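Chemist: Those sequence lines, one after another, are chains A and B. Quick note, the first sequence lines up with residues 1 to 316 if you use the working numbering. Quick note, the second sequence lines up with residues 1 to 266 if you use the working numbering.
Everything labelled a hint here was simulated from the structure, so no lab data went into it. Source: prediction; values computed, not measured. Each hint can be trusted.
Residues from chain B shown here face chain A by an in silico Cβ test under 8 Å; the list is partial:
| no. | residue |
| --- | --- |
| 1 | I26 |
| 2 | V99 |
| 3 | E100 |
| 4 | A125 |
| 5 | D126 |
| 6 | D138 |
| 7 | R164 |
| 8 | D175 |
| 9 | S177 |
| 10 | T241 |
| 11 | P247 |
Each residue gets a CB set at the ideal place from its N, CA and C atoms; glycine is no exception.
Each chain, letter by letter, is given below.
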Amino acid sequence: MTVLALAEHRRGNIRPVSYETVTAGRGLADALDTELHLAVIGGEVSEFAEDLNRDGVDTIHAVAAGEEFNHDIYTQVIESLATDLDPRVVLMPNSVNGLDYAPAVASRLSLPLITDVVGFDAGDTMTAIREMYGSKVETTIEIDADRFCVTIRPNEWPAAEGAGDAEIEEPDVEVDESRVGSTVTGFEEVGGGDVDISDADVLVSVGRGIEEEENIELIEELADALGATLSSSRPIVDAGWLPKNRQVGQSGKVVTPDIYLAIGISGAVQHVAGMKGADTIVAINTDPNAPIFDLADYGIVDDLFEVVPELTAQFS
Amino acid sequence: MKVLVTVKEVAEAADDFELAEGALDIDERYLEYDLNEWDEYAVEEGVEIAEESEDVEVVSVTIGPERSEETIRMALAKGVDRAIRVWDDTLEGTAFLDVEARASILEAVVAEEEPDLVLTGVQAADDGFGATGVALADAIDFEWAAVVNDLDLDTGDGTAHVHRELEGGVEELTDVSLPVVLSIQTGINEPRYASLRGIRQAQSKEIAPYGLDDLGLDAETTESTLSLTSMYEPETESDATVFEGSPEEEADQLAELFGEMGVVEG
Chain A
1 MTVLALAEHR RGNIRPVSYE TVTAGRGLAD ALDTELHLAV IGGEVSEFAE DLNRDGVDTI
61 HAVAAGEEFN HDIYTQVIES LATDLDPRVV LMPNSVNGLD YAPAVASRLS LPLITDVVGF
121 DAGDTMTAIR EMYGSKVETT IEIDADRFCV TIRPNEWPAA EGAGDAEIEE PDVEVDESRV
181 GSTVTGFEEV GGGDVDISDA DVLVSVGRGI EEEENIELIE ELADALGATL SSSRPIVDAG
241 WLPKNRQVGQ SGKVVTPDIY LAIGISGAVQ HVAGMKGADT IVAINTDPNA PIFDLADYGI
301 VDDLFEVVPE LTAQFS
Chain B
1 MKVLVTVKEV AEAADDFELA EGALDIDERY LEYDLNEWDE YAVEEGVEIA EESEDVEVVS
61 VTIGPERSEE TIRMALAKGV DRAIRVWDDT LEGTAFLDVE ARASILEAVV AEEEPDLVLT
121 GVQAADDGFG ATGVALADAI DFEWAAVVND LDLDTGDGTA HVHRELEGGV EELTDVSLPV
181 VLSIQTGINE PRYASLRGIR QAQSKEIAPY GLDDLGLDAE TTESTLSLTS MYEPETESDA
241 TVFEGSPEEE ADQLAELFGE MGVVEG
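One chain only, chain B, in its complex shape (with noise of 0.2 Å):
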């Protein structure tokens, strides 16, 4: 069996941080680049199935310029066999790759790979989308489920059996065909800390690069009939009293404030 995985790195913005002059992103200097949470449990959910049976290969997929290869190494170190890294001029020069778009590359590495079972993250953290797993999931003729929190893959008769984490505390408990695609929820398991040994290993393991062409496809997957036009900073709604001074001084005035309101009995 084979499980593909798709990673993506993100960016996270330090809590101060300024927008790039002239540019429709945060200053790179603002900008911290990691694993994607979600997918850091998709990568661990994988791994888990390959530990338990015979067989399995873990792939992992991203679309990123080469700095994200860190990123993907870290995967690779986790216990992912390989991993297929999807980029070029194309794409460093498409300024907004829609859910279409990046569906349509997946489709692609997933003809050339042709996996069983595919995870995904529910949503990256940055863009926070959501909707390639499905998106890729129609594209490739696989059933899907999003917002898995809890798998039990029966490759015997065909089925996953998962929990889909509604609102409001509410699981779905739902039966779906294999191969399927699945979009994976955090505290679905624990996702392990990379081992020395698995760093090391993972220098040695293949990060196949390919571009939009050797997958078949062209520029005009990237077009697109959305562009981002803007980003700028919400104006702030806050009238929240502030309470300032010495951290002990803060707490005075807090302490005081609960007293007010009687919250402590006795």
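Chain A with its partners taken away, still in its complex shape (with noise of 0.2 Å):
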């Protein structure tokens, strides 16, 4: 019996999601006095090994198959790793690949999957902690069943640090090639363009608060007056409003600017990954509880089609 965790590579780099695993399927495996081990499923396994051999992992389960990420071979690997070693929890991350995953993962293994999980409450029943309704509430999920699934949403855990002895294994797992449907043909950057909101100062972003396309030019203004530039939340980029480049997030930008100003961003988790390493974060939102807050040194809680004409005459 063990705690199976999941490590995540691309192109041919480890992805700092895999420590994390490691520091919370070490809290699972000590909650149930049990293994962790760990798998990495492809590319150059042997080294991926070495990089993950930290504090906590009793055993790495180095795989060669395939180069990049294929969900039909991790999914057939995973099967068999997890037929071997009966783990109580299979622990992947709620990555873009791990929802390509997961989810196949606990249908073949007939088992109970809870995704994005935030936290673990290991009592007499396992309680998983989610969110729900974009962040606004918490939820607990008890898991009445002896061995399940879960992903755990990346950047709530903090990446295992220290030297590991874990032993390393290469096992073989034969993959069938009938049931590979899919075919990664490569990959493309995304964003790039003639600015880059990454090499910022100061940024000023806006978000679905601004209700209309017309209004942005209001958040122009106020970046022009500040000599700041401008950058948006991915609801403005979806609509066609701005540019992918000025996109900042999960699936845009990570920017670390001295100043990061806010606008009608309600600060969702995907949002945050993005410029939570600001140095100075200042929002503007009429909710008071957007969870931009949370992160905000600064803040303002006001109407933005108020607030933000008044700071652009300051500055004009």
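Starting from two chains that each stand alone, build the complex the way the hints lay out.
Modeler: Structure (structure tokens):
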């Protein structure tokens, strides 16, 4: 019996969430009084295994199968490892790739699945904590099962740091190629162009609160008056009001300016992942409970349409 | 060709909400219902596929109470041909429908409809599980791709050429064999507004009601080892200095701060 955690890599590099699954997995393994096994699948697995050999891991399964992530291969390999190891928990990252294989793994193993977990409470019964309604509430989900699958939200657990002394195994896992119906043909960097928002010292960032495309102008004027660079949250780019290279967040750019002024941005977790490293965060939002205020150093709880023109006037 | 688009009516909570007393949800008075944002893009993608080729039928399926018909009607108004709504007393009495249960219900609908392509949203805005599409794909033995933000369907060689939106401004280019389940990311297209004509036409389109037993399922389908045991407002971690006063006064204080920080050149 084990906790089986999954590492993630892309284009030759281990992704940071892998070390967070180690920390979360160690916590669960301690609570369940069992070992933590970590699997890494595909690519330069021997090198990856050395990178992943952090404090808290008991055994690493480095499975050579393909180069980049492929959900059909991952699903088969994890199913095979789980059949051998009989894990109490299969712990996967709630990353874009995690979402592409975790539900299939749970389905193959006929285990319950809880996704996007932000905490565990291992009392008499195991409980997972997750958010709902766009982070407005937290919920607890009791797991009345001996075995289960979870995905954990990135950036919630600290990365495992110290060097470990895990046993590294390189098992041969046979992959049924007839069940591999998807092929990665390449990668594309998006969001290039004239401006690199990750270079800016001051970012004025606009979100859904701006309501209409023509109102973007208000924010542009402020950015101009401040000599700052304009950026945005995802909905503005989805709507086509600003180009992709202006998007801050998990799927856009990660920025670390001196000042980040978030206007009409609620602070969804995917956005926060892209700007939490800013030195000073200022938020203007009508909702005092908006998650952006959890991060902000300074805030104005008011209507942006009234505050922003006043602010622009101060610098014009 | 038949495209099945799974849709969900989701609730959005008002800024100032209260939890329902003794219940595991937000008080109904603070909830507003709408078609899930991700599903709007999935619906649009399905309708665009139908517009680009001959003989494509687009069918929507939802698991939801009668109230959700209004939302489903909007999908019909945007060009979906007909809809299926699965609901009955058992589902009504199920507090927490887990991923496996949702996938089982949709699996039964797929068996009935035999689509070539299934489109889902990446996740539902309310519970955000983000797992139904891929779980369904495995259950019905379709291929799949999650978090798709570009789709080029080649029915001739039976391949969907997709982009998957990864983290950090990188897209993965993947070829995946049909039949396939794709979970659709926002931004893949520009969802249309329903036209008046579309809204009128939607009134006469079919929303077929199904219960679990119509699909050869029973209460066992909804049983789960997972249960929602509590809901609460997270403790606020805010230690922000909040500027107060009129908008002008608030702006003054912020301007002063920016001045002190040396933001403005000249």
